[in-house]
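In case you want the letters, here they are:
There are 2 protein chains.
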Amino acid sequence: MIKNVVIIGAGNLATQLALSLHEKGILVKQVYSRKTEAASELARKVNASFTNDLSQLLPETDLYIIAVKDSAIQEVLENIWLRDDQLIVHTAGSVPMNILEGFSANYGVFYPLQTFSKSRKIDFSDIPICIEANHPFNLLKLEKLGKMLSTSVNQINSEERKTLHLAAVFVNNFVNHLYAIGADILHDKKLDFDLLKPLIRETAEKIVSLHPIDAQTGPAKRNDQDTIKTQLKMLQDRPEFQKIYSFATESIFRLQQKHDHDLL
Amino acid sequence: MIKNVVIIGAGNLATQLALSLHEKGILVKQVYSRKTEAASELARKVNASFTNDLSQLLPETDLYIIAVKDSAIQEVLENIWLRDDQLIVHTAGSVPMNILEGFSANYGVFYPLQTFSKSRKIDFSDIPICIEANHPFNLLKLEKLGKMLSTSVNQINSEERKTLHLAAVFVNNFVNHLYAIGADILHDKKLDFDLLKPLIRETAEKIVSLHPIDAQTGPAKRNDQDTIKTQLKMLQDRPEFQKIYSFATESIFRLQQKHDHDLL
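Residue numbers (full-length UniProt numbering), protein chains in the order written: chain A, 1 to 264; chain B, 1 to 264.
No lab work stands behind these hints, which were simulated from the structure alone.
Treat each hint with caution, since some may be false.
No copy is singled out in the list; a pair is fine if it fits within one copy or between any two copies.
[What the hints assert, rightly or not] Simulated pairs of lysine-lysine, DSSO-like, Cα-Cα distance not exceeding 30 Å:
#	residue 1	residue 2
1	K229	K144
2	K221	K121
3	K121	K258
4	K197	K121
5	K221	K118
Everything numeric in this text was worked out from a predicted model, so none of it was measured.
Turn these sequences into a full structure, and let the hints guide you.
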């Protein structure tokens with residue numbers, strides 16, 4: 001069983017994961033970050049030691065967790081020295097497991113499918129944790145660790161994880177960007193963004209019980225060309241919003257058609 | 001004070017509004033719909049009479065509420081006969097109030113900023129209700145009615161309401177479409193859409209406390225070109241999703257720049 005971990009990274013995910021593991025009684029032995037201040041800040045919160053030097057990583061722990069941005073994973077791996085049997089995982093959606101091959105005999109992936117910010121405490125209890133490992137006994141270890149945090153632990157291979165991450169970019173990153181556009185449109189006219197918050201919440205809650213295809217409403221769904229033209233015109237000073245409006249409108253129409261066709 | 005209403009329409013908004021008014025003790029006297037069945041179904045739920053014939057509208061009520069799709073409002077107006085002093089409102093985001101001018105001496109708008117489906121009961125208590133009227137005493141009547149339903153009643157003119165509706169299309173219609181794309185991407189690979197639901201919920205809840213600009217994460221925000229290229233390639237069989245991906249990615253980058261610039 002995994003009783004202690006070393007966290008490599010001190011960003012949004014590393015922070016929330018370390019806090020959550022610490023709360024569940026897992027010993028966070030050490031936090032690494034290139035930035036000493038970030039490492040020490042997180043280490044303090046979970047009673048860990050910290051370092052900004054990969055050669056100073058503690059040589060023994062039940063699990064090393066790499067939680068740095070995707071493009072930094074390779075560099076981390078090339079600069080750490082692991083005992084050959086130490087279990088190591090990364091936490092990235094779009095990085096295949098086999099990037100870890102050759103760096104240890106025991107490796108895997110521990111990917112919590114959620115959006116993380118440093119300042120917003122996350123309750124892991126229903127977050128899907130996607131695990132993968134190079135050997136059944138490593139998988140079992142990760143499953144047990146996952147179940148300490150969440151009721152949803154799922155065995156997901158690298159290809160599936162990439163698909164999940166792609167879908168997550170649409171339903172999180174792009175969705176959040178649409179919130180930002182909404183806020184921007186209101187801000188320009190001195191209207192309060194708070195007016196949109198009940199709508200935003202209901203939009204998200206609706207799809208718990210309705211499939212998004214059935215939850216769809218609005219001018220594009222109704223093919224209400226008058227409103228579509230008026231709204232495109234209102235966006236004439238914001239060509240990038242106009243483009244998103246056009247393509248989203250077209251895409252709503254097409255997806256609806258595809259769906260109606262699939263039902264035939 | 002408004003004690004009874006006639007509802008013109010039996011769609012998503014008409015249904016939820018009628019149910020909610022009925023619950024608060026407002027008498028729904030009659031429901032009109034072109035479709036007899038829809039009219040009768042809603043009428044039954046709120047103990048109202050119903051008709052599919054506009055010439056059969058009851059001649060007296062404290063308030064006529066037009067809750068049909070935007071493009072049908074004009075037609076409704078041309079086919080009803082109102083006593084000159086009867087108060088009438090429409091409930092549309094993008095239709096100016098003055099479409100009602102000439103049909104009665106007393107008119108206004110009662111626009112609940114929310115997404116409605118027939119099958120999903122809506123709690124109105126924090127929904128922003130946007131009101132406008134041609135005369136202060138009509139505004140006061142609508143304000144009182146609004147406050148029976150919601151704690152958020154806002155005086156919003158036609159121009160502002162159009163802006164709110166435009167923003168609502170982004171944060172609701174387009175957001176919901178992104179959910180549908182996410183569901184579609186997973187469906188193609190036989191992955192369960194439920195895996196995305198905690199992420200969708202957290203994405204919406206996050207912006208209650210963080211401005212969307214500060215809540216933004218992901219490959220576009222990090223300018224992670226490797227992931228962006230990989231994900232665009234994964235979408236090669238779905239050109240319309242690819243377009244949305246490209247423009248959203250570009251737009252995230254630009255909005256971030258605009259924001260950083262505004263802070264200078």
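For each hint, the structure was consulted:
In the homo-oligomer, the alpha carbons of K229 and K144 never lie at most 30 Å apart, since the shortest distance is 55 Å inside one protomer and 35 Å across protomers. With identical chains, the CA atoms of K221 and K121 are at most 30 Å apart between copies only, with a shortest distance of 21 Å across copies and 37 Å within one. When the C-alpha separation of K121 and K258 is checked against a cutoff of 30 Å, the pair qualifies only between copies, where the shortest distance is 28 Å, while the shortest distance within a copy is 39 Å. Proximity of K197 and K121 under a CA criterion of 30 Å is satisfied in both settings, with 20 Å inside one chain copy and 18 Å between copies.
Within a single copy, K221 and K118 get their C-alpha atoms only as close as 37 Å, which misses the 30 Å cut-off; across copies the closest is 16 Å, which meets it.
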